[in-house]
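**Student:** One letter stands for each residue in the lines below.
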Amino acid sequence: MSRKTEKYIAREIPIRELNLSDLEKLSDSMGLALNIEEMRRLQEYFAGLGRNPTDVEIQAMAQAWSEHCGYKSSRLYLKRYLSDLRTDYTILAMEDDAGVVEFDEENAYVIKMESHNHPSAVEPYGGAATGIGGVIRDVLCMGAQPVALLDSLYFGNTDYEDRKGKHLSTRFLMNGIVSGIRDYGNRIGIPTVAGSVDFHPGYDTNPLINAGCVGIAKKSDIIRSFVSKVGDILVIAGGRTGRDGLHGVNFASRSINTEDKSNTRSVQLGNPIIAEPLIHAIIEVTKMGIVDGMKDLGGGGLSSAVGELCFAGGVSAEIHLENLKLKEEGMEPWEIWVSESQERMVLAIEPGNLDRLARVMDSWDVEYSVLGTVTEGNNLKIFFRGTKVLDLDLRFLTSGPVYARHYIEPKIDDNHIVVPAELKDYNDFMISFMSSPQMCSRQRIIRLYDFTVRASTVVPPLTGLINSETHSDSTIIKPLRDSNRGLSLTTGAMVKHLQMDPYNGTMISLSEAYRNTICSGSKPHSVIDSLNFGNPEDPEIMGQFIESVRAIGDFCRKFNLPVVSGNVSLYNESEGSEIVPTPTIFMAGIVEDVSNTIPSYFQSGGSIIAIVGKDSMDLCGSEYVDFLGKKCTSRETVDLDELNRIGMAMGHAAKEGLIKSAHDVAQGGIAACIAEMSFGLEIGANVELSPLSWGKSNVKLFSEGGNRIMVEIAKDSLKRVREIFSEIDFKAIGETGGSRISISDRSLTLMDIDISKIKNAWISGMDNLI
Amino acid sequence: MVRIGIEIEYLPGVEDPEAINIEKNLKVLGFKTVDRVTIKKFYEIEVSDSDRTPEKTAQKLAEKLLANKIIQKYNIRKVDQVR
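These protein sequence lines are chains R and B, in that order. Note that the working numbering has the first sequence beginning at 1, numbered continuously upward. Note that the working numbering has the second sequence beginning at 1001, numbered continuously upward.
No lab work stands behind these hints, which were simulated from the structure alone. Among the hints, a few may not be true.
What the hints assert, rightly or not - Under the rule of at most 27 Å between Cα atoms (straight-line distance), these lysine-lysine pairs were calculated in the DSSO-like manner:
no., chain 1, residue 1, chain 2, residue 2
1, B, K1040, B, K1078
2, B, K1041, R, K327
3, R, K325, B, K1024
4, B, K1032, R, K325
5, R, K731, R, K660
6, R, K327, B, K1032
7, B, K1073, B, K1041
8, R, K325, B, K1073
9, R, K719, R, K614
10, R, K523, R, K558
11, R, K327, B, K1040
12, B, K1027, R, K325
13, R, K79, R, K411
14, R, K327, R, K388
15, R, K325, B, K1040
16, R, K327, B, K1069
17, B, K1073, R, K327
Please read all numbers here as calculations on a predicted model, not as lab measurements.
Please model the entire structure based on the sequences and the hints provided.
**Tutor:** See the structure below:
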């Protein structure tokens, strides 16, 4: 008898007889990452059943109860602060694998962002590529055609490689992560349209990669992430199942250790050549209307996908693991059940439709196998070569613990204000400042990504003179062929402000995303958050997390914006160094007509340059202070009422076509804002800062706070614009024209420099990094 | 001078899309007997005689630069043995 047909003998784990220290050892030796109370709960449960669990059962429990799948530290607070945020155009918010929001009468956009930090820290290329693959499948499993990708990346300081350490250097991580995203996104033909890149010593040993995806679908084609039809069959389509990515989610439930040999098995590798036809095949079967429920296989593998698919629909399933196509021989049933191999989807269909599904799969050369049947009752049953290896109540399996962890409010030292000495002139300073890693152009990364494939990118991430562009505030895509309605997309976080104060830093990040959206002429529509934090068992970190989630709730309630999806990544720490609290804010906006957007750079000479919004007199958290190597902390709040008024006024002015160009004042303050607006068409500016305030000149040049936007307005429309902005601080500070950037304060020249000098430095800032 | 060969391949279970697609296409071309294709990389490195432990040098440089031990393994042998 060959091994394949031989009856399997289930492996029993004698958990009932173990004492506390043995339970702990068992969790370690099996790679479960469950703590002692959780192990005790398992022990009690199986004692109640009067039997010992099998290895498959123990592994399945560990998957379902992991931080990644169970949100055990975060669920309480996500529910408290974000669950009431809905609007009448929200179709599905934080229910299924991705958020679904109304796009127009007939269509919806499907949106999701996810982190892939732990795998990328170990194997950057594979980790980043599978991050992209995973988020695409989250959108795909809702029945939507993916149309755009985004990525927010956070790296350590660029001098990290010069320091001795066991961790990978920033340059190596950056090259691996960026090429992973490039290779996956470009190969499957989905454009990577927007993102952000930040450098901070807090990410030295823990890079973050947050990948986002947007898809579009007919509202009637949306497929839910549950199945309720008893008798349906479960089909796995796509890649084969292998040993790659075993215990990935458990890995994400603890901190990274350099000596950790088990890391090697936690990394999944992507295969975009399977993902591409899989997308076509899934869209085709979705349109045929034969799919009753669908889920992608990501963290937790089959174990979490099948469990959640059935539990959410109030049914159960009988699974036969030997039916699965495997990458390698001799895999144990528990390995098959928890494998996180990529490019796999599980679909529930009626048995009678299998032939139709098979025809589509065959025509795209996509492999599939029938995994099992949907049954009545609560108990999930799994068989392997004739032996029952799992028989568990889904209610217990999915009833992972929810922790109200001990937390303390983050300490903020708000009395440590630094104002650096003024310089005589800022010409040379500006050249080195604008070419620093944090400030310089992201062209070297953006150009590696195909951002125009699918021919729907209306405002690309780089705009202006061809081959010498500036950055856009937000990217605009036109997802439907026969409609001019567009989606604006922007993502990022204000890292330096978050480090100072998680609550207000999150507010500033949201304000920046909001302003990025309105600057491009669109209306903010929905928010997606990817929350990256350190170890939640540390009360201070837990406090950071709670404050940040509270800020998202407060902001979105004020602006009536729904938080439709997101993810939480905790335990981002290694060797005692923790990351900056990083809630990546991904905002989608609606553009009524994509032929009517606002550019982010000066359009012509002779226009008025004006600043909208209250002044900021605070240099703390600015790139300027950081660039000078100074430490400064404060508690700067965001005036939400003002931002709301600015949003409405900008909307009016844009509708009347009065705004020639607009750019938000963010990293680098007004100085960087003027420079970036000049770069687009190389139109200079002549600015006098004295109308702003009586503060010091360097504060006016480089402070980043407030809700400020810089706008370009034609001279003859200034009167009308002033009327529209009558309830907001609105100060004309100069004129566009020439080929120099000259800035003065109280008639003293601070800067007078040729645009090309700063621009060349800005463009080549990353040359030595990637 | 000693010539050393370093052979690098994926760990078992790591999928190589390139190899899978070559295998698929060989079958399309009619080579029905092909069961499996594996792609490996072979480096030939010359080390001067002053190095008493050329294998150790090779091992060090393989770990430092050539192989990504998370997904690959390497094999070191004297080239003469290979040829």
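**Student:** Check the structure against each numbered hint from earlier and tell me which ones fail, lowest number first.
**Tutor:** none
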